[in-house]
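K.L.:
Letter by letter, the chains look like this.
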Amino acid sequence: MSTTLERWEPVIGLEVHVQLGTDTKMFCGCRNLFGAPPNALTCPVCLGLPGALPVPNRKAAELAIRFGLAVGGTIAEVTRFDRKQYFYPDLPKGYQISQDKGPIVTGGAVTTSFFGDGKTIRLIRAHLEEDAGKGQHEESGGSTLVDLNRCGIPLLEIVSAPDLRSAEDAWAYLNELRLTLRTLDISECDMEKGSLRCDVNVSIRPRGTIPFGDRVELKNLNSFRGVERAIRHEIERQAALLEAGGKIELETRLWDDEKGESRLMRKKESAPDYRYFPDPDLPPFAVGRAWVDRVAAEAPELPLKRLERYTSVYGLSDYDSKVLITDPSICRYFEETTALCNDPKNAANWITSELFGLMKGGVSIDDVKVRPTHIAELVALVKAGTLNVRSAREVLAKQYEDPRPAKEWVEKLGLVQVSDRDALVAIIRKGMEMNPKAVADLKAGKEKAAGAIVGYAMKETKGRGNPAILNEILAELLKTL
Amino acid sequence: MNISKEDVVKTLRLARLEVPDAELPDLVREFDSIVKYVEAVAAVDLRGVEPLSHGGDARDVFRDDVVTPSLPADVAIGNAPDTAGGCFRVPRVIAEPS
Amino acid sequence: MTGPLSLTALADSVRSGARTSVDIATEYLDRIERRSDLGAFLAVDRARTLAEAVAVDARVARGESLPLAGVPVAVKDNIHAIGFPTTCASRILEGFRPPFDATVVEKLRAAGAVVLGKTNLDEFAMGSSTENSAFTPCRNPWANDRIPGGSSGGSAAAVAANLAPAALGSDTGGSIRQPAALTGTVGLKPTYGRVSRYGLVAFGSSLDQVGPMTRRVEDAAILHDVLSGHDPKDATTSARDHEPTAPRVRDGVRGLRIGLPDEYFGDAVDPEIRVSVENAGRALEAAGAVLKRVSLPHTPHAIPTYYIVATSEASSNLARYDGVHYGRRHPEAVDIASLFTGSRSAYLGKEVKRRILLGTWCLSSGFYDAFYDRALRIRSLLKADFDAAFRDVDVVLCPTTPTPAWRLGEKISDPVQMYVADILTGACNLAGIPGLAVPCGITERTGTRLPIGAQLMGPAWSESLLLRAGAVIEAACWDPSFVPSSGSAS
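Protein chains in written order, with this note's numbering: chain L, 1 to 481; chain Y, 1001 to 1098; chain P, 2001 to 2490.
Everything labelled a hint here was simulated from the structure, so no lab data went into it.
We put the CB at the ideal spot given by N, CA and C, even for glycine.
Worth double-checking, as some hints may not be accurate.
Simulated pairs of lysine-lysine, DSSO-like, Cα-Cα distance not exceeding 27 angstroms [stated by the list, open to error]: (1) Lys-1036/Y / Lys-2411/P; (2) Lys-267/L / Lys-1010/Y; (3) Lys-2383/P / Lys-1010/Y; (4) Lys-2383/P / Lys-1005/Y; (5) Lys-1036/Y / Lys-2292/P; (6) Lys-101/L / Lys-1005/Y; (7) Lys-268/L / Lys-1005/Y; (8) Lys-2107/P / Lys-1036/Y; (9) Lys-268/L / Lys-1036/Y; (10) Lys-1036/Y / Lys-267/L; (11) Lys-2350/P / Lys-1005/Y.
Listed next, the stretches of chain L that the computed footprint assigns to chain P, with coverage defined by at least 3 CB atoms under 8 angstroms from CB atoms of chain P [said to hold, decoys possible]: (12) 48-59; (13) 75-87.
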């Protein structure tokens, strides 16, 4: 603990915006897609053309409800959309449709079971809104170019209570939140693509005191590690200011991750007056019990539920389970493999030790050519005795580059396990002849000595001897001595 | 309520409007009379009365998450006063939204 | 000269092959040209309209059944029609060409109607005289030196002068009914949610409705039936089915209970107008209706409430005119702040800015509760007034305007005086109920004959009743074939 943290206790709250994984935008049928040519995914509604009207996306509301249920929040019985008004070139209507009073979700909590020490962070609210467009500085010339493809993509804004007490807490909370959102197919949460964005509120108070200090809002945070760095820096900045007799003012600061410092964006007195009011274009809506029940029934399993199933039903270790669960795409891969081979333990093993060993340099499992069908086939071949583990490993390595079916590789590499009993008996006999000491040791009960003889046999069969059969033959021959 | 020049200037700024200084006194006077006129609403007893923000009987309206065609990109920016590279062009933006 | 044909007669003549859609459109386009002095139209495109007419003739020839075959309709210039610009009579939208049709225009075109042009209005529909048009004021066909009312003044003048057999208007606080009354035409403000607002440029979104403006009550019913119905593109349209009103428009009023609200016959109303509307009441009585006095006690608060709600919504709806994505941009904008403020200040008109200012004030921090929120609560009371009255009567009858058409320039300098012109029409929009203006008499002012309009209001979805009662008043009090000449060539 730094000396600052001995004297001061940080109080941190996070506002996280995630883009919802719908097919279309919040209020129109334009595609919700990243990376299209500028303004190619726009229509009168998301361009804010005069006369156009918004119609809300049911799926977006359902994903918000799904989130609310996952975090144990309260789903509003009746809710509505409000207009938040400010002028900005990426906001074509001059207002953002959001929810001010009566958000769709209030309360709930996130527990850092996978990434932290199991701390519970309460949520204040989560509400639906629409994303703004994107401005980019022109490469040459003094202009900004505005692309409205992002404009109108559904967002869920998730506001935590000021329950976080350290940068590490914040990191764990963000990871835990992302895990929930990704596992439940609510959002991709890809910070690089901007589908997760985060603002942080930080204040500090002398340790052992209760009242909160005045808080500072940090914006422009581009990675979870960046959030941690920004918080650490802000704690130090505030402590230094207070210890020098200064005062913390309510303000918003922009974080510069490269320089590792923040700069003032605006003071509280210039805080905008958003003039929220109920959007008259959008009738209020009720979220009835039946709707909530249906959303609950359709929702994927929560991470903690999954952990319980993996350890108790699949019999996986806590560690292996967490490795699989914390990355939803790996988890999906594992589930698919298991469904195909019906052998979760071996599937998990092949994925986490063998396949991971081949994946280097941040490769995503979604981009790997080896698919769950391949892994499932290898598991089955080993189980059936057609391949031994060593050969299977070799096949996997080949498939990693060229994902043809295992059987083709087995043939091509001549890896079919030799299970011809007569041939193997001859080889074992030879091995026994060449290793009299091992035979003697075996007879004296030193089972480990079998390795030398079986090893010899494996070498003779170029690794294709079925080890189970080899051991069996050796045992039989020993009895006859 | 008496409307001051500052009230008018502040509200104009919120709405991204301005008037020449010469016209300001007249606008303040006019706006003062308008605000006094609509201020009559303060006299009504509203205990137990709920606000009515929406017209009509429509409630719980949603659309299915189904893609509909977007406009061609050139049509999307077709009414814009200035464009470049398929985008709306504006003078360089430095400040954050407010 | 034979009087102007009804919509049914026009469509019949095209369907029977007696005339073509092109003939009819040409006749009206010629008259529009001759009466350009009225300032009724902001955009006319002869080639475009005739091309539409040719297409209708082809559809008729193919045997398509079109209820409005070849009927030319003028469209208020705050409603999008592909092929025509939409300016809302504002400099800030000069040159804007909508890439989509308003749902109402789509429905008109599907029914075989032809868009005749775009009509003048008060800028963004904000006004009661059409003097707030940024391009040209509009004149009343009954008296060249008088206003036609507003904001749908261009549509009203066009129909009154027979430059169009029918027009679309929009009504936020009386903008269809008041100009209809001042020009001797029929104007219907439908129940909120009956007609789609998609493609109508928003002023007060919780109040705006599109409605027909016609010479005859029956024509209004026919057009209303075409325009009505749920629209998946407008979340505020009602899901309930529309029952056609035109087939029942001659059903009469026998047994109908008609209320005369005391508050709508007060001293602010011109005595001759009071008498004329009372006459209309007697006509209804003679046709078998029962008249009854009723009270709508919160009426005096309707206009302040209306102005708070309408301008608050408008301040938000008009934030999009910022010179970035469409419309005009100030040429000297050097940074984003001067682009926003410069464009809005230069190209929005005085009244529009005044209303944005009021609306911004009412929603701003510290004033929301005292202004906007209170207004929404009074809105509940106004609606409750109507609900209570409609337990005793089926519809109410009252004047549409406190005075007949006034002279151009007479009220333009006093905004509050102008706002009071909506005193009898605003509550209807706040309550979301339908209102119909029907001409019921004539008054003379300094030797000029000016029309008077009665107003009928009923519970939500009672358009059919209003139109039936309107038809009775029309039959007893008005000659719909009379075309005023206002001393100009016709």
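K.L.:
It remains to establish, for every hint, whether it holds in the given structure.
P.N.:
Against the structure, the hints:
no.: 1; hint: Lys-1036/Y / Lys-2411/P; in the structure: holds, 19 angstroms
no.: 2; hint: Lys-267/L / Lys-1010/Y; in the structure: holds, 17 angstroms
no.: 3; hint: Lys-2383/P / Lys-1010/Y; in the structure: violated, 34 angstroms
no.: 4; hint: Lys-2383/P / Lys-1005/Y; in the structure: violated, 36 angstroms
no.: 5; hint: Lys-1036/Y / Lys-2292/P; in the structure: violated, 36 angstroms
no.: 6; hint: Lys-101/L / Lys-1005/Y; in the structure: violated, 32 angstroms
no.: 7; hint: Lys-268/L / Lys-1005/Y; in the structure: holds, 23 angstroms
no.: 8; hint: Lys-2107/P / Lys-1036/Y; in the structure: violated, 44 angstroms
no.: 9; hint: Lys-268/L / Lys-1036/Y; in the structure: violated, 31 angstroms
no.: 10; hint: Lys-1036/Y / Lys-267/L; in the structure: violated, 33 angstroms
no.: 11; hint: Lys-2350/P / Lys-1005/Y; in the structure: holds, 18 angstroms
no.: 12; hint: 48-59; in the structure: holds (count 9)
no.: 13; hint: 75-87; in the structure: holds (count 3)
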